[in-house]
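Working from the sequences, and respecting the hints, build out all of it.
Residue numbers (my numbering), protein chains in the order written: chain A, 1421 to 1520; chain B, 114 to 345.
None of these hints come from the bench; they were simulated from the model.
It is possible that part of the hints are untrue.
Said to hold, decoys possible - A few chain B residues that face chain A, going by a derived Cβ cut-off under 8 Å, partial list only:
id : residue
1  : Ala169
2  : Glu201
3  : Pro205
4  : Ala226
5  : Leu286
Being a predicted model, the structure only gives us computed values, none of them experimental.
We put the CB at the ideal spot given by N, CA and C, even for glycine.
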Amino acid sequence: MIPLSWYLALSAVLFTIGVAGVIIKRNAIAMFMCIELMLNAVNLTFVAFSSFFRDVSGQLFVFIVMTVAAAEAAVGLGIILAIFRNRESLDVDDASVMKL
Amino acid sequence: MFESITQIAPYIFFFLLAGLAIGSAIAVVAQRNPLYSAISLIGVFVALAGLYLTLAAPFIAVVQIIVYAGAIMVLVVFVIMLLNVETEDRRPLRLRSLVPIAVLLAAVLFAEAAFIFYFVNEAPAPPSPVATLNPSSVGLTASIGAGLFTTYLLPFEITSILILMALVGAMSLARRSAIRPTDVVVPGAAVLPRQTFEPARVGDATPVRADTTTEAAALSGLWDRAHEREDD
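Here it is, written out as structure tokens:
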């Protein structure tokens, strides 16, 4: 049996890569994909704990996280579309003020 | 011989899938073309689905493929295609003087994480929790469905409201008139220079006040033209 800590370490690595991406990337869609990466890293932690403690709650929570991620994708891409239509650019540095 | 292979196989699978996940995740960040990032992200999702299978969670693995690799990534790729996103250009690093401090802080963080992992592994194993379910049935669809519709019914229903709100929000955001450019007459207490309505009178900054849409339309000359067209 693979130890629990290996899964947690993998999850931590993926989450860190996601955080680094959000900090490094300037493209709104790329930052959005890095956020999805972070959500997936957390999901891996949930499923690992759920499997090791033989409790189904963790997997139910993953289900709900996926639903929230889908809602976030719909709204986030809508916002990105609106920003692009307004500014002709996806660079977040061009959208650093809330004014139109 | 066969005994040893069955013992080693899970480790091989874990390292294969973990390597695929980390490699694809680094590619997501390293690629400068968003479309390549999206394809790499699908690789991460597939690797994580495989890891969920090794954790005996087949339902979550399948939902991961359908919802993430299927629905969400198709949406992202669709938006990338729609907006014709160009490759990110490499920029000079701002605040170059902070690089040594960043490296130092990263080293401290890494040392902390290693310290915690080492001592967690050294600590005596906690008493194993009481198994509430038959181990073989934890990740199956039946047990997840039972949980969703009994203990966690309220969060499940709240999720449906969230989806509805996201649906309405996305539609209202993506409407073409969602965000007006600033030089359009906005009904209300807006005060604009006359020059805005009559480009011929350049330099005329006499304020014009419009409180209703029809008033604004009449002032800008749109209303009359619309009615003339109706009469014809």
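Hints, verified against the model:
Interface hint at Ala169 of chain B: satisfied, since its Cβ lies 6 Å from the closest Cβ of chain A, which is below the 8 Å cut-off. A distance limit of 8 Å between C-beta atoms decides the matter here; for Glu201 of chain B the minimum to chain A is near 5 Å, and the interface restraint holds. The beta carbon of Pro205 of chain B is not positioned within 8 Å of any beta carbon in chain A (closest approach about 13 Å), and the interface hint is therefore violated. Checking Ala226 of chain B against chain A by beta carbon gives a least distance of about 7 Å; that is within 8 Å, so the hint holds.
Annotation: Leu286 of chain B was flagged as interfacial toward chain A, and the flag holds, the nearest CB pair being 4 Å apart, inside 8 Å.
The earlier numbered hint that this structure contradicts is number 3, and it is the only one.
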